[in-house]
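Once you have looked at the hints, place chain B on chain A.
For the protein sequence lines, the chains are A and B, in the order given. Mapping of the first sequence onto our numbering: position 53 corresponds to residue 53, and the numbering continues sequentially without gaps. Mapping of the second sequence onto our numbering: position 204 corresponds to residue 204, and the numbering continues sequentially without gaps.
It is worth saying that the hints were derived from the structure and are not from the lab. Among the clues, some could well be false.
Unchecked claim - With a Cα cut of at most 20 Å, we get these calculated SDA-like pairs of lysine to any residue:
{"no.": "1", "chain 1": "B", "residue 1": "61", "chain 2": "B", "residue 2": "72"}
{"no.": "2", "chain 1": "A", "residue 1": "480", "chain 2": "B", "residue 2": "5"}
{"no.": "3", "chain 1": "A", "residue 1": "476", "chain 2": "B", "residue 2": "191"}
{"no.": "4", "chain 1": "A", "residue 1": "74", "chain 2": "A", "residue 2": "96"}
{"no.": "5", "chain 1": "B", "residue 1": "61", "chain 2": "B", "residue 2": "91"}
{"no.": "6", "chain 1": "A", "residue 1": "476", "chain 2": "B", "residue 2": "186"}
{"no.": "7", "chain 1": "B", "residue 1": "61", "chain 2": "B", "residue 2": "105"}
{"no.": "8", "chain 1": "A", "residue 1": "74", "chain 2": "A", "residue 2": "211"}
{"no.": "9", "chain 1": "B", "residue 1": "61", "chain 2": "B", "residue 2": "101"}
{"no.": "10", "chain 1": "A", "residue 1": "74", "chain 2": "A", "residue 2": "107"}
{"no.": "11", "chain 1": "A", "residue 1": "74", "chain 2": "A", "residue 2": "465"}
{"no.": "12", "chain 1": "B", "residue 1": "61", "chain 2": "A", "residue 2": "465"}
{"no.": "13", "chain 1": "B", "residue 1": "61", "chain 2": "A", "residue 2": "96"}
{"no.": "14", "chain 1": "A", "residue 1": "480", "chain 2": "A", "residue 2": "516"}
{"no.": "15", "chain 1": "A", "residue 1": "674", "chain 2": "B", "residue 2": "207"}
{"no.": "16", "chain 1": "A", "residue 1": "476", "chain 2": "B", "residue 2": "190"}
{"no.": "17", "chain 1": "A", "residue 1": "476", "chain 2": "B", "residue 2": "187"}
{"no.": "18", "chain 1": "A", "residue 1": "674", "chain 2": "A", "residue 2": "711"}
{"no.": "19", "chain 1": "A", "residue 1": "346", "chain 2": "A", "residue 2": "516"}
{"no.": "20", "chain 1": "B", "residue 1": "61", "chain 2": "A", "residue 2": "706"}
{"no.": "21", "chain 1": "A", "residue 1": "476", "chain 2": "A", "residue 2": "513"}
{"no.": "22", "chain 1": "B", "residue 1": "61", "chain 2": "A", "residue 2": "713"}
{"no.": "23", "chain 1": "A", "residue 1": "480", "chain 2": "B", "residue 2": "190"}
What the hints assert, rightly or not - Where chain B lies over chain A, by a calculated footprint (3+ residues, C-beta under 8 Å):
{"no.": "24", "stretch": "457-468"}
{"no.": "25", "stretch": "704-715"}
{"no.": "26", "stretch": "784-792"}
The structure displayed is predicted, hence computed values, not measured ones. From the three backbone atoms N, C-alpha and C, an ideal C-beta is built for every residue, glycine too.
Here are the chains, one letter per residue:
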Amino acid sequence: MTALPPALSDWFAAQGWQLHPHQQAMLARAEAASTLLIAPTGGGKTLAGFLPSLAEIAADPRPGLHTLYISPLKALAADIRRNLRRPVEGAGLPIRIEDRSGDTSQTQRRRQRADPPHILLTTPESLALLLSHEDAARVFAGLRRVVVDEIHALAESKRGDQLMLGLARLQVLAPGLRRVGLSATVEDPAALARFLGGGAEVLLADPGPEPDITMLDTGAPPPWAGGGGRHAIPAILDQVRRHRTTLIFHNTRAQAEIFFHHLWLANTDNLPIAIHHGSLSREARARVEAAMVAGQLRAVVCTGTLDLGIDWGDVDLVIQVGAPRNVKRLVQRIGRANHRYNAPSKALLVPANRWEVVECQAALEAVRARDLDGEPRGPGPRDVLCQHILATACAGPFTADALYAEVVTAGPYAGLTRRDFDACLTFCATGGYALRAYDRWQRLMLRDGRWRLRDPRSAAVIRQNLGTIIDSELLKVRLKGRGGGVPLGEVEEGFAASLTPGDTFLIGGEVVRHEGLREMTVEVSRSPGREPKVAVFSGTKFATSTRLSERILRLLQAGRWPDLPAHTAEWLALQAEVSRLPAPDRLLCESFPHEGREHLCVYGFAGRNAQATLGLLLTRRMEARGLAPLGFVCTDHATLIWGLEPVTRLDGLFDAEDLREGLEGWLAGNAVMKRTFRNAAIIAGLIERSHQGRRKSGRQAAFSSDILYDTLRRFDPGHLMLDITREEAMRGLVDFSRIEAMLARVRGRIDLVRLRSVTPFAAPLFLEPGRIPVQGQAQERLAEAAAQRLMAAAGLT
Amino acid sequence: MSGYAFTFAGADLVALPSGGLHWPAARLLVVADLHLGKALRLARRGGGLLPPYETRATLMKLDADLARTDPATVLCLGDSFDDLEAGAELDPQDRDWLARQMAGRFWIWAEGNHDPGPGVIGGTHLAEWQHGGLHFRHIATPGGAAEVSGHYHPKARLAGQRRPCFLIDGDRRLILPAYGTYTGGLACGDPALGALMGPGAVAVVTGARCLALPYSAA
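Isolated chain A (complex conformation) (with noise of 0.2 Å):
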């Protein structure tokens, strides 16, 4: 067992520190070669991959790179640089721990790579870049650890592929290397060890106590539909006062706005609330963050940006407003109330309308019952393939045996044939393409066996575009006035193109009104007192997990609801009386007339992807036996559909390979698939992100990524790109996967009630907001009215 330096042990001891039983295995197996620690938030996980790098250094002081960290925020990166300094200056260790990300100096970035730290703390993107340049291999030549922080978040993303890829060419480099993950609750335990690779062993801290987690009794029964959880409000500002600071999550940047605006309008006795998302600018974030740290906010509203593990002082409740959608989430949520081990973190549930009561009942008993979900993530995804592959050579030739050999020794690609390898890099060779246009502008050519870059200068393009976080087109939002205005953070261009002057929006808690757009920035005043338009800016929309959705079909079949409130469980016993609640292994279809039109609602329980998908597929093929739908709306357990003629039977309706065809034909214009497109191109090396800069500048010369998707599906419909896009489209926002698993579920048992009218759970479908439009020629005829209307406007004929 490795030891503590002696000077490290009384710097602890004089603190009243004592290492967890963890913290002491993970000095035990500092000799592995590969070990996931799982332990909950606030146990000391951090500590407890670094102690075998302190003690390791302390004996041993020689220059040269020892431990790398690696963590998904900078600001992480940041935060651990400082808490980590404590013991080892306490202790008077000679150990020289940077930290490197975007921010860090050019001139200290050279520095770091001619005279590496002893600990040096990144990114997987600078990571990803450090391997790019030549000097590699003797940067990490002596790399001896590599520490891998909140490897669950990394784990569910392109950014955790491209990490491991990245784990996979450090252990060629230096062959010693012994790999640590560190890991906050998951479900799946062994997968995630597989994930980090080297053979881990998975080393389970004790879990802590039980949370105390409860629904916020808001007097007033949650509104029908919608989200927001505006109706809480007196409630949640309530709780606020009665804790020291409480962070209130909501599951998009667009209700946490909402919400925060309406909290302030209520907040008659002045608390100090503050709003924090990744929309907003970096200043206005820095701000609350520093606020935050010297405990001067009683509450921050707040997204997914807050989920990572930062020591954010001293929180003592959280609250979920709406429907957590995914349990492990929540879990790790509710883990940010009391950062301190062994004390039971607090929070509150707020079910934002009334079908989320139910979820978050189920969400409730999940928690309790320890039952954590996930989706499986699939294979490596090939665009990450790509650009590692382009990285590569950058760094230097390569033989395609080796790097093959290298690669199916991460973890996400264990599986990856030969073939599949080989047609990632003829795409990133040649292009791939069925015309051979490139044979003499080839990207990397192949001499003497080995694959190298035709044209050195090509390394600074692959470079800057290394990375597979692809954010949206955002457009800054600023303040209209005199020196450049007030930078407020950013929208997305779709949002802001849908923007006339005089809408107004809210972002960073105020409304602001739309005054033009100038260059590359939306340009806005302040407008106190109106209500704001819209906001609709980002915010991915998670789906409910599977086994979250299992749990709530479970609950309603329960018969009796001692637990839900009684508006709730009164609900739920109407819709059976007046027609049936949906069962684990049945489809439940209710066809109705209202309001003039006729209805099909069909709860197929697969997340809201997957029910968008499902409307699109059932209206064309309504469409094609005359059943003439106009639209659909979903949400994450139903889809509603309205059109003229009543839906009598099903025949065949819900036949998967009829669906899949259906697919296969929509699925291919769809803007859906053009995004994924877009992504997978830029992450692949296909075409360059566009830097704010740049853009601006040659507007002209840079054209739609949609016009090379409708090339290369016009001209080589076989193409590498394509097929990512189709596999990367199945898993992600079209989400055909869970349709599929739905009817495997339901296996043909598939009901329809004919009712005379509305039913108690349809009902509330009819108040969503997002109604689709089934539309063929409708565009171009509201184009030419617009067009008219314009015209006739201005005067003109």
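Then chain B, alone, in the frame of chain A:
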């Protein structure tokens, strides 16, 4: 076809939904900013290897317009090639295709900033061209009159979509949209375009059919 017919400096012209300009009386078809060979040029410079099909996509579109308008004269209004080497590097199949289109027609390549000199493809190479009282050049000039140009790739916003558009400013100035497949656009309202357009200017958006709207609303 649903083009937009209008009179410009005494000439009866039709803006085609494809982005081409037809002058029936002169049996003239004008197309601007084809940017042929763009993908290859980007590859040569070490960038991404884009789907190398944009030249044939553009030629297919041109085929349709040639069949529809049967012009005696075709004027390519500059930036026809993405650079001077692009013509020489055209795929042989595409080059033959272009030759077939040019056969039997008076074919003018006007100079653009991307292709400021004669290339290896036949036809007539000119810096600018005057015909029937209209003045054709790649880039609009500040004092231009009866002037037809391209270069800016204008795009207009209509009912939530952005589409390439023609810009018509009285009898002074007519700016064509980019005809090439791999071309982006400059939004109406950009200062570079705003400086050229007078108060009564009209934008004609292309797409399934041509639609006119005030420049100020585009």
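Taking the hints in turn, this is what the structure says about them:
Distance check on the hinted pair: residue 61/B and residue 72/B sit about 18 Å apart at the alpha-carbon level, within 20 Å; holds. Annotation: proposed proximity of residue 480/A to residue 5/B is violated, straight-line Cα distance about 41 Å (limit 20 Å). Distance hint between residue 476/A and residue 191/B is fulfilled; the C-alpha atoms sit about 19 Å from each other, no more than 20 Å. Of the pairs offered as hints, the one joining residue 74/A and residue 96/A holds, with about 19 Å between alpha carbons and a cut-off of 20 Å not exceeded.
In summary, the hint linking residue 61/B to residue 91/B is supported, as the alpha carbons are separated by about 17 Å, within the 20 Å threshold. With a C-alpha separation of about 19 Å, the suggested pair residue 476/A and residue 186/B falls inside the 20 Å cut-off, and the hint holds. Distance hint between residue 61/B and residue 105/B is fulfilled; the C-alpha atoms sit about 17 Å from each other, no more than 20 Å. A threshold of 20 Å between alpha carbons decides the hint, and for residue 74/A with residue 211/A the separation of about 29 Å lies outside it, so the pair is violated.
Distance hint between residue 61/B and residue 101/B is fulfilled; the C-alpha atoms sit about 12 Å from each other, no more than 20 Å. This hinted pair checks out: residue 74/A and residue 107/A have alpha carbons roughly 19 Å apart, not beyond 20 Å. This hinted pair checks out: residue 74/A and residue 465/A have alpha carbons roughly 18 Å apart, not beyond 20 Å. This hinted pair does not check out: residue 61/B and residue 465/A have alpha carbons roughly 33 Å apart, beyond 20 Å.
With a C-alpha separation of about 64 Å, the suggested pair residue 61/B and residue 96/A falls outside the 20 Å cut-off, and the hint is violated. At roughly 9 Å between alpha-carbon atoms, residue 480/A and residue 516/A fall within 20 Å of each other, so this suggested pair holds. For the hint pairing residue 674/A with residue 207/B, the CA-to-CA distance comes to about 19 Å; that is within 20 Å, so the pair holds. Taken as a hint, the residue 476/A and residue 190/B pair is honoured in the structure, with Cα atoms around 17 Å apart against an allowance of 20 Å.
Using a Cα cut-off of 20 Å, the hinted pair residue 476/A and residue 187/B holds, with the two alpha carbons roughly 17 Å apart. In summary, the hint linking residue 674/A to residue 711/A is supported, as the alpha carbons are separated by about 12 Å, within the 20 Å threshold. The straight-line distance between the Cα atoms of residue 346/A and residue 516/A is roughly 45 Å, outside the 20 Å bound, and the hint therefore fails. For the suggested pair residue 61/B and residue 706/A, the alpha carbons sit about 18 Å apart, so the restraint of at most 20 Å is met.
With a CA separation close to 14 Å, the supplied pair residue 476/A and residue 513/A stays within the 20 Å bound. A threshold of 20 Å between alpha carbons decides the hint, and for residue 61/B with residue 713/A the separation of about 16 Å falls inside it, so the pair holds. A threshold of 20 Å between alpha carbons decides the hint, and for residue 480/A with residue 190/B the separation of about 18 Å falls inside it, so the pair holds. Only when three residues or more bring their CB closer than 8 Å to a CB of chain B does the claim for the stretch 457-468 of chain A stand; here the count is 3, and the claim holds.
Remark: the stretch 704-715 of chain A is confirmed as covered by chain B, as 7 of its residues place a Cβ nearer than 8 Å to a Cβ of that chain, reaching the required three. Taking a C-beta to C-beta cut-off of 8 Å, the stretch 784-792 of chain A contributes 5 residues in contact with chain B, enough for the three needed, and the coverage statement holds.
Hint compliance for this structure: hints 2, 8, 12, 13 and 19 are not met, and every other hint is.
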